[in-house]
Structures are given as structure tokens and as C-alpha cells.
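Chemist: So the sequences go chain by chain: X and G. In case it helps, the numbering used here puts the first sequence at residues 479 to 740. In case it helps, the numbering used here puts the second sequence at residues 22 to 365.
Source of the hints: derived by calculation from the structure; they are not laboratory data. In this text, all values refer to a predicted model and were calculated from it rather than measured experimentally. Mixed in with the good hints there might be a few duds.
Stated by the list, open to error - The list that follows gives simulated cross-link-like pairs (lysine to any residue, SDA-like), each with its CA atoms no further than 20 Å apart:
#1 X:Lys590 with G:Ser201
#2 X:Lys553 with G:Leu193
#3 X:Lys509 with X:Arg616
#4 X:Lys590 with G:Leu193
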Amino acid sequence: MSTLLHAQGISKSFGGLKALQNCSLTVEKGKVNGLIGPNGSGKTTLFNVITGYVTPDEGSVTFEGADITGARPDKVFALGIGRTFQLTRIFARISVLENMLIATQHNESWVKGLIRSKSTKSEVDNAMALLDFVGITRLANLQAGALSYGQRKLLELAYVLVSDPDVILLDEPAGGVNLTLINNIAEKIRLLNQQGKTFLIVEHNMEFVMGVCDQVTVMHQGSSLTSGTPSEVRQDPRVLDAYLGGGDDDDDDDLREAVANV
Amino acid sequence: MTLVKKNLGWVVFFAALALFPLVVTNPFYTSIGVYSLLFMAAATSWNMFSGYSGYIALGSAVFFGVGAYTEALLSIHWHVPANGDLFWLVPLGGVIATLFAVPIGWISLRVRRHTFVVITIAVFFIFQLSAINFSFTGGSSGLALPFITWTATDFNNPFYYAGLILVIFITLVSAFVRRSRFGLQLLAIRDDEDRAMGLGVKVTAIKITGFTMSAFAIGCAGAIYAMFQGQIYPQFVFDPTFDVSVALMVFLGGIGTLAGPLLGGLVLESAQQYLTATYSNNSLYLLLFGALFLIVIMFMPQGVVPFVRDKFTKRGELERAAVAANDVSSPSGMTSGTPTEVTA
Chain X
479 MSTLLHAQGI
489 SKSFGGLKAL
499 QNCSLTVEKG
509 KVNGLIGPNG
519 SGKTTLFNVI
529 TGYVTPDEGS
539 VTFEGADITG
549 ARPDKVFALG
559 IGRTFQLTRI
569 FARISVLENM
579 LIATQHNESW
589 VKGLIRSKST
599 KSEVDNAMAL
609 LDFVGITRLA
619 NLQAGALSYG
629 QRKLLELAYV
639 LVSDPDVILL
649 DEPAGGVNLT
659 LINNIAEKIR
669 LLNQQGKTFL
679 IVEHNMEFVM
689 GVCDQVTVMH
699 QGSSLTSGTP
709 SEVRQDPRVL
719 DAYLGGGDDD
729 DDDDLREAVA
739 NV
Chain G
22 MTLVKKNLGW
32 VVFFAALALF
42 PLVVTNPFYT
52 SIGVYSLLFM
62 AAATSWNMFS
72 GYSGYIALGS
82 AVFFGVGAYT
92 EALLSIHWHV
102 PANGDLFWLV
112 PLGGVIATLF
122 AVPIGWISLR
132 VRRHTFVVIT
142 IAVFFIFQLS
152 AINFSFTGGS
162 SGLALPFITW
172 TATDFNNPFY
182 YAGLILVIFI
192 TLVSAFVRRS
202 RFGLQLLAIR
212 DDEDRAMGLG
222 VKVTAIKITG
232 FTMSAFAIGC
242 AGAIYAMFQG
252 QIYPQFVFDP
262 TFDVSVALMV
272 FLGGIGTLAG
282 PLLGGLVLES
292 AQQYLTATYS
302 NNSLYLLLFG
312 ALFLIVIMFM
322 PQGVVPFVRD
332 KFTKRGELER
342 AAVAANDVSS
352 PSGMTSGTPT
362 EVTA
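Could you build the full structure based on these sequences and the hints that come with them?
Modeler: Structure below.
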């Protein structure tokens, strides 16, 4: 398997806090790559560095062999890297369908947007097909702010798919949603992966990670600790230490259990 | 024809505005009409950027003033005859205001929200002070435009129709923007700028373009105002209450809507002009405005137009149903597929 996305030796400090220290990550093409680690270990910061929201102090990010370190988010997206956010972010005061249409302009000049209408028929058809894929077609004409949290998660996944990105970064796709929806999202990820999409997923739900990921990287205190298949990773004593050593981190109860029960 | 049918409300509205000075010939009322139209145009134009993008600019009086001074300076220096020819300078006032908007937008749009508001106010005062202190602007005594010698009964009508053309023009532009991809991107910026960036929206370019576009009609309104007054003073064309008025008109009518700024501009400006002229007591209209705003904020905080739309249309009904059902977290489409077990 070839490397699609590679972060090498990334360091980033916010004031005195070293969020990332010499962190490296490889995303294999065509695989579902997992990224786990205790809260505060730098997973989201690494996402932000990759997608251009945060400029790293040191290190480089390459995508399909090209250096994209420090590129702006819109540029990164246009290259084919889509992402979702941990706290789901949708456009609340426009319709669900309009949400879906925002990403359609990723590869055209912004000047063209001045003279063309919001959408073409094929763009609307494509948007509706994707809404159908995640199962929220009937909500298309509603204002997106009326959607529930779970529906927002599905919408955020769908509108990233509009631009047909090569790799999709999901920040806690199973966070804060019920079991039925978790299974539903896992199924969508598998289906998309079969169609050739590459994923990088940050997730705390270990069952979910073990179920969908081909490859897992573990982060601890801003660095990548280890990387391997899910079964390799959970037998690694350092991983147990990273989670159990955290002590005061109540959010990871289920993690601790899941890892320790193996 | 279907286009007319579909927009029958709009056609009737603009037809009524066009007929107004033919029915009501009293110059007292037609002059109120001129001011109202100028503010309707300015409010619509302001809404086209600030309403769609959420960037509340409080320095639009800069463009109004630049338009007014452009009209005054060009008519004086080019010795334009004091008749209808003066109207040819109006678009130039808009163009010069637009040119000024480029650097102002480029600087002020580097920051967001509250900081942006403060920067636009600061820029406004720089312009006001410059107009007061430079000699080419006539300093604090302002500038006198070529004196138009139309009779009192006919005087207002050319200004009224110039204002109406401007209102129709900017309403069409604003409607077009709302339906364009550019407008969708402005709305995306309003709802979540960072997220929009992550979906490929070139936010800086989009914001500066929107800001610049909104300056044009405000500049034109300033130019018409200068002609109508015949004499301009820096403290009246670069007027901080202009900014506040325009913003309040849009908030009252409904920010981000097409009809809202027109309604707000029409109601507030005509009420203000009428009350000031009739009772010659400046504080009375403020009292009434205060009461009006209290009512609007308490009962329809989104503004009049969105309130009416949500209350009485099908779309509003659907949304209320969805909000009511919000605690059901799984969408209907989900149960149709067989949920697969995630096995470790």
C-alpha cells in the first residue's frame, strides 16, 4: 500500500503548552486509519495542522508526495482532503440542501461564483444522492439549524463527500450519538472505503475503532507512541500505560475497560 | 409573464412607489419619499454584505459621504449645468465610493465580529475628520452645488425617480446575489467562517468583494442626497447616525432578507422625516422609535419579515415541526437499513 498523506516531525506549541512534539503519522491509501489517544494527547491539533487551520512550528505535511505544510484550509480542501469537526459544525441558517452545495465550488474560481447560480441540476442531483446515502433526504429543504445532533453528524459527513475528496478526516464521528447511529456511521465508512475512499479517524469509542480501522496510530502527550493493526496496538503495554497512567481522565472509562478487557 | 406572476407582490410594491408622486403631489410628502428611497437603497445595499455575511459594518456613512462629495466636487469643477445633467454624476459617486471600499475592506476584514465593527467606526471618523479639515472639501462649511432652479412643485420628482431607480437596481442585485453561488458563500461565512474555509470557500476574496459591492449603491445614494440638498456639510454626510439608522432599519425589517431592509427603510425614514417636520421636536421620534424597537425585540427578535414568514408560511410550519421533534436523534432513513453489529 502506498502512502497518501504523511506528517513528519510535527511540533506545535500554544504558549507554554507543547501540543505536538515531533509527531509523525502515515495515512495509507485505501485504508481506514485510526488515531487514538487520551484526551489532550494532540489528536485534534494534528488534524488542524494537516488541514491548514494551524501552522506547525516544525515539521512537514505531504499529500500525494507534494508538500502542503502551512497551506490554507480552502487550498487543502481543494487538493482532496476533507474533514469533519469534533463538535459538529453545520451552517445553521441555510437549508440542508444549501449546506450540501457549499463545497461544490472547491475547484472553480471564486469570480465565477459571482455570475453563476447557486447550483446546477447535476449538482443538486449529486447532493440529493449523497443525502440519500446518509439517509436524510426528507430533511433537504429544512433549515439546517432544525436538525438534531445525530442528523448534523450525517449532514457534515455528506457535505464533505460532495467534493469527492481522496481522504476524509473524521474527528470523533461516534461521539455523542446513540448506538444505532454509531453502527450506521460505521457502515457508511465501510461502504465508502470499499469505493476507494481513504479515512483517518479520531475516536474514543474503542469498539468502533476496532470495528472499522485497518491501521491504528496511538498518540500520547503530543507524540505518536506506536502504530499497527488494531490487535497489535491493543496488546502493546505502552498503550495500556498511556491510557491507564492518565489517572484523572474520567472520559476514558470506557476506553480503559475496552483496552483492559482484551 | 410567469416572471411577473411569480413576483406579483414586488411588481405591485414598486408600481405603488412609482405612482406615489403622481397621486400625492404635495412637495412635503414627496420630499419625505426622496429621503425614504435613499435610505431604502442604502439599507438594501448594506444588507447585501452585512446581512448576508454577518459582518456588521458601522462605517457605511463613509461611502455615503464619498458619494456626496464626489457629486459636489465634480459638478463644481467640471462646471456641470444646474439641471438634469447632474444626475449623470451619480454613478460616478458610486464608483468612487466603491474604489474607496477596496482598501477599507482589505484592512478591516482581516478581523472579525466586534473588532470589525470597531475598525469600521474608526475608519468612519478618519473620513469625517478629513472632510472637516481638508481645504478641497470646503472644510466645516462644506460645499455648495450648482443651484437648480426648478419650480417647487416639480423639484422633488426627478430626485424621487432617481431614488426609485436606485432602489430597484440594488434590490435586483441583492436578489441576484442571494441566488448566486457567491451569495451562498457569504451565507456560509455568516454561519461558520472557519468551517466554510474548510469546504474550499475563499473567504478573504469573497468578503472583500461583498464589502466593495455594497459601497456602490450607498455612494449613489450620497450623490443624489448632495444634489437634493444643494449644499453639503461634513457632519451631515459623514454622519454616525446614518450608520446606526441603516443598521436599525435592516434589523427591524429582518436582516438577511430581501424585503426587510426595504420595509425598515420605508417605515423608519418616513416616520422620522414626518415626525421631525410636523412636531419640530427631535426627541419625539426617538421616543416612538424606542417603543417600536422594544416591541420588535420582544416579540419578533429576527425582524418583521422573518417573523411573518415563519408564522404564516408552509416552510415555517415544517421547521417548527422539526424543532419540536428535535429530541428524536435518529433520522427516519436510518431504521430502514439493517444496522450491522460492530464487532471487535
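Chemist: Against each hint, give a clear statement of whether it holds in the structure.
Modeler: A quick look at each hint next to the structure:
1. X:Lys590 with G:Ser201: 10 Å, holds
2. X:Lys553 with G:Leu193: 33 Å, violated
3. X:Lys509 with X:Arg616: 32 Å, violated
4. X:Lys590 with G:Leu193: Holds: lysine 590 of chain X and leucine 193 of chain G sit about 19 Å apart, inside 20 Å.
Of the numbered hints listed earlier, those contradicted by the structure are 2 and 3.
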